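The lines below spell out each chain.
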Amino acid sequence: MSARPVSSFSKTYGHLWFVLPGFAFFLAVMIFPLLFATGLSMTNWSGLGNDVSFIGLANYVEILTHWPFYRAAMHNAFIFLAILVFQHTVGLYLAVLLNEKPRFMQFYRTVLFLPVIMSLVATGFVWTLMLSPNIGLINPMLEKIGLGFLAQQWLSNPTWALIMIIMVTAWNSMGWAIIIYLAGLQNVPEELRQAAEMDGANSRQVFWRVVFPQLSPAFTALTVLTFIGTFRTFDVVYVLTGPLGAPNFATDVLGTLIYRTAFGGSSFSSADIRFAFGVAMALLTMVIMAVICWGLIRILRKREIES
Amino acid sequence: MASVTTRALTKTYEGSEKPALDALDLEIKDGEFLVLVGPSGCGKSTALKMIGGLEDVTSGDILIGEQRVNDYASRDRDIAMVFQSYALYPHMTVFDNIAFPLQIAKVPKDEIARKVEEVANILQLQALLHRKPGRLSGGQRQRVAMGRAIIRRPSVFLMDEPLSNLDAKLRVKMRSEVAQIQRTLGVTTIYVTHDQVEAMTMGDRVALMRAGVLQQVDTPDNMYHAPANTFVASFIGSPAMNLFHAACENTADGAVLTLGGQKIAVPSAALDRYPGLKDRASGPVIVGVRPEDLEDARLKPDHPTDQVIEAEIQLLESLGSDHMAHVALNATPVHDDEELGQEDLDLTTGSHEGICICRFSSQSRATRGETVRIAVAADRLHFFDPDTRQALRPLGD
Chain H
1 MSARPVSSFS
11 KTYGHLWFVL
21 PGFAFFLAVM
31 IFPLLFATGL
41 SMTNWSGLGN
51 DVSFIGLANY
61 VEILTHWPFY
71 RAAMHNAFIF
81 LAILVFQHTV
91 GLYLAVLLNE
101 KPRFMQFYRT
111 VLFLPVIMSL
121 VATGFVWTLM
131 LSPNIGLINP
141 MLEKIGLGFL
151 AQQWLSNPTW
161 ALIMIIMVTA
171 WNSMGWAIII
181 YLAGLQNVPE
191 ELRQAAEMDG
201 ANSRQVFWRV
211 VFPQLSPAFT
221 ALTVLTFIGT
231 FRTFDVVYVL
241 TGPLGAPNFA
251 TDVLGTLIYR
261 TAFGGSSFSS
271 ADIRFAFGVA
281 MALLTMVIMA
291 VICWGLIRIL
301 RKREIES
Chain A
1001 MASVTTRALT
1011 KTYEGSEKPA
1021 LDALDLEIKD
1031 GEFLVLVGPS
1041 GCGKSTALKM
1051 IGGLEDVTSG
1061 DILIGEQRVN
1071 DYASRDRDIA
1081 MVFQSYALYP
1091 HMTVFDNIAF
1101 PLQIAKVPKD
1111 EIARKVEEVA
1121 NILQLQALLH
1131 RKPGRLSGGQ
1141 RQRVAMGRAI
1151 IRRPSVFLMD
1161 EPLSNLDAKL
1171 RVKMRSEVAQ
1181 IQRTLGVTTI
1191 YVTHDQVEAM
1201 TMGDRVALMR
1211 AGVLQQVDTP
1221 DNMYHAPANT
1231 FVASFIGSPA
1241 MNLFHAACEN
1251 TADGAVLTLG
1261 GQKIAVPSAA
1271 LDRYPGLKDR
1281 ASGPVIVGVR
1291 PEDLEDARLK
1301 PDHPTDQVIE
1311 AEIQLLESLG
1321 SDHMAHVALN
1331 ATPVHDDEEL
1341 GQEDLDLTTG
1351 SHEGICICRF
1361 SSQSRATRGE
1371 TVRIAVAADR
1381 LHFFDPDTRQ
1391 ALRPLGD
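Chains as they are written, first to last, in the working numbering: chain H, 1 to 307; chain A, 1001 to 1397.
Quick caveat, the hints were computed from the structure, so don't treat them as lab data.
This structure is a prediction, so every number in the text was calculated from the model and none was measured.
Take the hints with a grain of salt, since some may be wrong.
Claimed, not checked - Part of the chain H face toward chain A, derived, beta carbon under 10 Å: (1) 144; (2) 146; (3) 189; (4) 191; (5) 193; (6) 197; (7) 199; (8) 201; (9) 209.
Claimed, not checked - Simulated crosslink set (BS3-like; lysine-lysine; CA at most 27 Å straight-line): (10) H:101 - A:1169; (11) A:1169 - A:1115; (12) A:1132 - H:302; (13) A:1049 - A:1029; (14) A:1132 - A:1109; (15) A:1049 - A:1018; (16) A:1132 - A:1169; (17) A:1115 - A:1173; (18) H:101 - A:1049.
Yeah, the Cβ is synthetic: ideal placement off N, Cα and C, and Gly gets one too.
All chains, full assembly: derive it from the sequences and hints.
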């Protein structure tokens, strides 16, 4: 029996057979839904019934003049900036403390990372109870320690509601910041610190002039992840202030706006549901986020160290 | 500039009973270049880090000049260190790396620029000042690390195997450059290495350590020609000294050594160097002979006949200038455990079972398998106590 010679076509493209199962799966769950959604966003489908007609880019054009979209995006941006500052300060500080290998480090690390693995819906609900002006824990606690004047209608006051959303998100995501910075800190060679110390640097100078610059990959990763995370935020707002982003849309974010537009979920009538318009908003948000992420990575990478 | 003294310096790590460094006593004179050498894990780097303030002292004292510095932070000891990994700051240019100690000391900018220029000239780094360490070769990085160390003219340089990451050729070149810079600056230097060639060629004095204990500290010549014990004898020199168990008999006519059933007359010159041998009654002894003290007897017709042995050549390696003859001796070799653990051990170093290495001149026509007569330079033999393994001469000689 003689073996058939391998054709040059097989030699060049034969390996693609091995990629095919993965690619087929990717096609089915990513590319197809994306193309389907893109098609859908160019219609006026409400989400119910068979009344569908092609309207081109009309939905996208409408978004550009849709005030709630800008309002929600601004809230997202505000949350992003606040969380970013929080993670790069408190998160970094706690990571530095943990990197000093204190006693019970395992315990601290677990406690600080615990919120990350807990369900946001469950923790959000607990926070809602704690912040409640009637049955909550926070206001009575403030009164007991003589700070009763600070007691608030936490989730009904437009300013405080957004601050509470930020606080819960920060509490929930700080574990990531600590883990990412801790990993970065543990990668800084001990000899670099020792060399700086020998060169006369005090511990503050060692950190800011030698250790911190080595953390730029962690800084980049955390900034990009925070950006993506905060612009996708939905569950905290939904649980704490509801799908309308109460009070008076003061905590409305892109997630709740898209949800409300596409699926309703408000006390408004089902006539307000505009599924295709919601899909268009989601797609536009995705494209804008992708572009900003790309820009962020480009800018931040330049600061990183050539290895 | 300053002297460095350690008094009974000891380091015991938590959870370990055996000290990593055991009562190290060293006195390094002002401007001296001392090399700490020894196999891996002998405590040499620990000693260096303790002097540098990077390791806590379990007990003992460290003095820089007259000042006890045990409790001083590294930055207050006026020392500079070159690390094995160079530890260059990867986000800074070569200029900033070298200038870092001065920037920290808040030296005016124009003075920093002038000093960096000066150092860059000494180390030939002028063209690289704006590059980052990631874009430098190993040799260039090493030079930058040196630059950072010398720019502020510290009292003491500490160098932790700074050449071990370089290839063999560059290492030889940098060896002389580092030694040259040290001599020019005249800064007291403590240099750690596991490479005995580096130790012998660079240091004013060499301190050899083993398992945390200082074995001998002396000039390279004395380390080679008057080793304190069998460990020093086997560590210093490549190929290593041949060490065998032998018997010595003191007679009215002088001492006679019996090595693998063959007798060698021990001349008075050897007895003068090892008076302990003269004082002993006849009995077992460890004899050491350097490969260059064993020559093909055919090339030395005038050699005393009572200082000749016979052996069969098992392996012959030609190095061009010499032939390395591995001959079989019917004698028990002496092995120091760590001698075999040496990182540089290859076929030409260390004694193996009954094998003795001779360095024959290139004129020798000896062939493999042949039984040759070997002229032993018996006046240069070394003698050690078989129990203590110490040289049979008073300490300090």
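| query | Which numbered conditions among the earlier hints are violated in the structure presented, ordered from lowest to highest? | reply | 1, 2, 10 and 11
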